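Visitor: Sequence:
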Amino acid sequence: MKPDPEPVSPKEGKTYALKAILVVDDDQQLASALQWILADENYLVDVAYDGDEALLKVKAHDYDAVICDLKMPQLRGDEFYLKAKEIRPPLEDRFIFITGYATDPAVRHFLIEQEVKFLVKPFPIPGLISCLRELLG
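Per my numbering, residue 1439 is the first one in the sequence shown, and the count goes up by one each step.
Keep in mind that the hints were calculated from the coordinates and are not lab data. Since the structure is predicted, the reported quantities are computational estimates derived from the model, not experimental observations. One or more hints might be untrue.
[Unchecked claim] Derived CB-CB ranges, DEER-like: (1) N1480 x E1551: 21 to 27 Å; (2) T1541 x K1497: 29 to 35 Å; (3) K1509 x A1458: 35 to 41 Å; (4) K1521 x A1458: 14 to 20 Å.
[As the list claims (entries may be wrong)] Under the rule of at most 20 Å between Cα atoms (straight-line distance), these lysine to aspartate or glutamate pairs were calculated in the EDC-like manner: (5) K1457 x D1500; (6) K1509 x D1478; (7) K1509 x E1479; (8) K1509 x E1553; (9) K1495 x D1542; (10) K1497 x E1479; (11) K1509 x E1551; (12) K1523 x D1542; (13) K1559 x E1524.
In this text, a Cβ means the ideal position worked out from N, Cα and C, and glycines have one as well.
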């Protein structure tokens, strides 16, 4: 499945107070799948495939939450987080990190030190949706 570079809107015919979500992951298949799954849950979803692209999007748009991989080439998820919260301070408490490296000491240190929400890959989709709903209140 080829990722959709444009934000995906929720289902037609339903009215909701839309929440804008940015998904950041260098795994394009996973990012695309999350984009469609979250749009189906009536979120407005945008995607970035690396931290640099995500940073440009955060500068240009307001997001209600960010779902972000930690291990990415170029600008890593932890580096992106630190820069994003400088640009848009309300995002500081609006990140959910996804990682397959939760046992890596550097990753663990970051997650604990920053006190951020995270899910370990592979994660159940209902778990992500529940975490996102909790984050957004």
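Visitor: Hint by hint, say whether it matches the structure.
Guide: To see whether the hints hold, each was checked on the structure:
{"no.": "1", "hint": "N1480 x E1551: 21 to 27 Å", "verdict": "violated, 34 Å"}
{"no.": "2", "hint": "T1541 x K1497: 29 to 35 Å", "verdict": "holds, 33 Å"}
{"no.": "3", "hint": "K1509 x A1458: 35 to 41 Å", "verdict": "violated, 25 Å"}
{"no.": "4", "hint": "K1521 x A1458: 14 to 20 Å", "verdict": "holds, 19 Å"}
{"no.": "5", "hint": "K1457 x D1500", "verdict": "holds, 10 Å"}
{"no.": "6", "hint": "K1509 x D1478", "verdict": "violated, 27 Å"}
{"no.": "7", "hint": "K1509 x E1479", "verdict": "violated, 26 Å"}
{"no.": "8", "hint": "K1509 x E1553", "verdict": "holds, 18 Å"}
{"no.": "9", "hint": "K1495 x D1542", "verdict": "violated, 28 Å"}
{"no.": "10", "hint": "K1497 x E1479", "verdict": "violated, 25 Å"}
{"no.": "11", "hint": "K1509 x E1551", "verdict": "holds, 17 Å"}
{"no.": "12", "hint": "K1523 x D1542", "verdict": "violated, 24 Å"}
{"no.": "13", "hint": "K1559 x E1524", "verdict": "violated, 27 Å"}
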